[in-house]
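Turn these sequences into a full structure, and let the hints steer you where they fit.
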Amino acid sequence: MNFFGYKRSDGRAGIRNHVLILPTCACGSESARIVASQVRGAVNIIFNTGCSDVQANTDMSQKILTGFACNPNVFGVVIIGLGCETVPHAKLREKIQSMTRKPVVSFGIQEEGGTLKTIEKAVRAARDLAAEASLQQKELCDISELLLGIECGGSDATSGIASNPAVGELSDKLVDLGASTLMSESIEWIGGEHVLAKRAATPELHNKIIKICADYEAHLKAAGQDCRAGQPTPGNKFGGLSTIDEKSLGCIRKGGTRPIVEVLKQAERPTKRGAIVMDTAGYDISSVTSMVAAGCNAIIFTTGRGTPTGNAIVPVLKVTANAQTFSWMEDNIDVDLSGIIAGELTIADAGNLLLKKIHDVCNGRLTKAEAYGFSDIAVDHVCRFV
Amino acid sequence: MTNAILLDVKDNVATCTTAANKGDAIKILGGGEIICVEDIPIWHKVALKKISRGEKIFKYGEIIGEASIDIAAGGWVSHENIFSVPRDYESEMI
Numbered sequence: 009m010n011f012f013g014y015k016r017s018d019g020r021a022g023i024r025n026h027v028l029i030l031p032t033c034a035c036g037s038e039s040a041r042i043v044a045s046q047v048r049g050a051v052n053i054i055f056n057t058g059c060s061d062v063q064a065n066t067d068m069s070q071k072i073l074t075g076f077a078c079n080p081n082v083f084g085v086v087i088i089g090l091g092c093e094t095v096p097h098a099k100l101r102e103k104i105q106s107m108t109r110k111p112v113v114s115f116g117i118q119e120e121g122g123t124l125k126t127i128e129k130a131v132r133a134a135r136d137l138a139a140e141a142s143l144q145q146k147e148l149c150d151i152s153e154l155l156l157g158i159e160c161g162g163s164d165a166t167s168g169i170a171s172n173p174a175v176g177e178l179s180d181k182l183v184d185l186g187a188s189t190l191m192s193e194s195i196e197w198i199g200g201e202h203v204l205a206k207r208a209a210t211p212e213l214h215n216k217i218i219k220i221c222a223d224y225e226a227h228l229k230a231a232g233q234d235c236r237a238g239q240p241t242p243g244n245k246f247g248g249l250s251t252i253d254e255k256s257l258g259c260i261r262k263g264g265t266r267p268i269v270e271v272l273k274q275a276e277r278p279t280k281r282g283a284i285v286m287d288t289a290g291y292d293i294s295s296v297t298s299m300v301a302a303g304c305n306a307i308i309f310t311t312g313r314g315t316p317t318g319n320a321i322v323p324v325l326k327v328t329a330n331a332q333t334f335s336w337m338e339d340n341i342d343v344d345l346s347g348i349i350a351g352e353l354t355i356a357d358a359g360n361l362l363l364k365k366i367h368d369v370c371n372g373r374l375t376k377a378e379a380y381g382f383s384d385i386a387v388d389h390v391c392r393f394v
Numbered sequence: 007m008t009n010a011i012l013l014d015v016k017d018n019v020a021t022c023t024t025a026a027n028k029g030d031a032i033k034i035l036g037g038g039e040i041i042c043v044e045d046i047p048i049w050h051k052v053a054l055k056k057i058s059r060g061e062k063i064f065k066y067g068e069i070i071g072e073a074s075i076d077i078a079a080g081g082w083v084s085h086e087n088i089f090s091v092p093r094d095y096e097s098e099m100i
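Sequences listed follow chains W and U, in order.
Quick note, the first sequence lines up with residues 9 to 394 if you use my numbering.
Quick note, the second sequence lines up with residues 7 to 100 if you use my numbering.
FYI, nobody ran anything at the bench for these hints, they're computed from the structure.
Please note that a few of the clues may not be correct.
Far from chain W, some chain U residues (derived; all Cβ distances over 10 Å) [as the list claims (entries may be wrong)]:
#, residue
1, 29
2, 31
3, 37
4, 43
5, 45
6, 61
7, 76
8, 98
Think about it this way: if two alpha-carbon atoms lie no more than 30 Å apart in a straight line, the pair counts; the simulated DSS-like pairs of lysine-lysine are [claimed, not checked]:
#, chain 1, residue 1, chain 2, residue 2
9, U, 28, W, 216
10, U, 16, W, 245
11, W, 216, U, 33
12, W, 273, W, 15
13, U, 28, W, 206
14, W, 245, U, 62
15, U, 62, W, 206
16, W, 245, U, 28
17, W, 245, U, 33
18, U, 55, W, 245
Positions of the beta carbon are idealized from the N, C-alpha and C atoms, including for glycine.
Dropping the structure here:
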């Protein structure tokens with residue numbers, strides 16, 4: 009199976025060709041937004057961190073910023089910094105340039121003499137990059153270049169019974185075709201981690217999966233917190249999910265059945281092809297953010313209660329098996345899988361349908377969240393701002 | 007037409023695919039029928055037999071929690087009457 013995508017110099021393939029306006033910290037976010045709104049082909053993210061952070065938080069925000077810049081869906085990057093943040097624009101630019109050969113330029117608000125002067129220069133830079141990007145032709149790429157992020161959010165009981173197994177079927181099909189899938193949300197392995205770990209390709213990976221859950225609980229406990237207080241969410245409970253264990257056992261079904269070949273730290277880029285898992289929060293926006301930083305070209309997102317979420321550089325394809333949610337929130341959800349519950353659609357057929365939908369997205373079809381320009385982001389934190 | 011789905015033969019709950027009222031006979035895909043003893047919202051769980059306080063709840067053939075009070079056969083199983091049990095990660099290592 010092939011798709012028409014954008015070949016990058018590092019060998020990966022993008023399914024979009026965005027110019028990314030990237031703030032180094034919260035203080036650059038508004039200018040980045042204004043620059044992106046002025047230039048067709050440019051997108052921005054709002055970044056609420058990057059300053060007054062302990063080292064572990066800085067490491068995480070740098071992984072997200074560099075990961076977004078290196079994502080194969082991005083043609084080039086315009087960085088907007090302030091000047092006194094933890095990692096200033098020139099340093100971030102050099103770091104990104106050491107990781108990728110795509111064009112990167114950067115500006116600092118204090119250096120330029122305020123936001124208007126910065127915006128003026130950044131708009132010109134973004135305009136020139138967008139013009140260059142528009143000349144890049146799509147080429148035939150093998151489906152093995154696809155790294156699909158698998159996410160669920162606003163889950164109810166239909167997620168674990170129908171939409172997650174359907175996405176699991178899609179994941180198996182993609183892995184069999186040579187592509188890779190990435191499932192995250194390690195907090196939502198708890199209670200099902202022994203089932204997930206059975207898919208590990210080696211005993212080391214098996215134990216890594218168990219340890220991630222143990223460490224996550226210990227981390228929260230050290231701060232006097234318990235994951236069971238926030239999971240399941242009130243919406244999950246209303247939708248029939250009573251415990252984290254019940255939620256997890258449904259969640260992990262979206263990863264399919266193929267052997268897990270790699271277990272990644274948060275926002276880390278995979279080194280293998282196949283079914284991969286990553287340690288992230290169960291908070292869907294944060295999990296998607298980390299998977300995009302890891303290089304996912306597309307995200308498939310199951311929901312029961314309905315969610316509008318989208319990402320600035322990676323299309324998010326939303327599916328539900330809850331008939332009422334689909335008819336009520338059709339403007340936010342791309343695929344109706346309620347036929348599974350009604351007994352009219354098999355999981356196998358749903359997997360084939362999703363493969364076609366994802367193939368279309370790879371070829372450029374806009375998802376609903378993408379058409380609306382939604383660009384949610386949440387950067388995970390190790391501890392408080394300082 | 008069925009009103010609930012049984013996911014595994016080990017399970018002692020089924021997931022309602024329609025809302026059920028007290029006194030309704032719930033037809034279960036995967037086996038049998040049960041009379042509902044209280045109103046149960048759509049997508050919530052019905053107990054397939056009497057579940058005593060301290061007993062484990064099974065869905066997907068796996069433990070999803072423990073009953074905090076006695077739950078009657080045909081009763082509504084929710085976050086109000088079951089809770090998550092801490093994991094024993096050490097024993098899961100190979």
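Here's how the hints hold up against the structure:
{"no.": "1", "hint": "29", "in the structure": "holds, 21 Å"}
{"no.": "2", "hint": "31", "in the structure": "holds, 19 Å"}
{"no.": "3", "hint": "37", "in the structure": "holds, 15 Å"}
{"no.": "4", "hint": "43", "in the structure": "holds, 18 Å"}
{"no.": "5", "hint": "45", "in the structure": "holds, 14 Å"}
{"no.": "6", "hint": "61", "in the structure": "holds, 14 Å"}
{"no.": "7", "hint": "76", "in the structure": "holds, 16 Å"}
{"no.": "8", "hint": "98", "in the structure": "violated, 5 Å"}
{"no.": "9", "hint": "U:28 - W:216", "in the structure": "violated, 46 Å"}
{"no.": "10", "hint": "U:16 - W:245", "in the structure": "holds, 23 Å"}
{"no.": "11", "hint": "W:216 - U:33", "in the structure": "violated, 42 Å"}
{"no.": "12", "hint": "W:273 - W:15", "in the structure": "holds, 26 Å"}
{"no.": "13", "hint": "U:28 - W:206", "in the structure": "violated, 41 Å"}
{"no.": "14", "hint": "W:245 - U:62", "in the structure": "holds, 19 Å"}
{"no.": "15", "hint": "U:62 - W:206", "in the structure": "holds, 22 Å"}
{"no.": "16", "hint": "W:245 - U:28", "in the structure": "holds, 21 Å"}
{"no.": "17", "hint": "W:245 - U:33", "in the structure": "holds, 23 Å"}
{"no.": "18", "hint": "U:55 - W:245", "in the structure": "holds, 22 Å"}
Hints 8, 9, 11, 13 from the earlier list are contradicted by this structure; the remaining hints agree with it.
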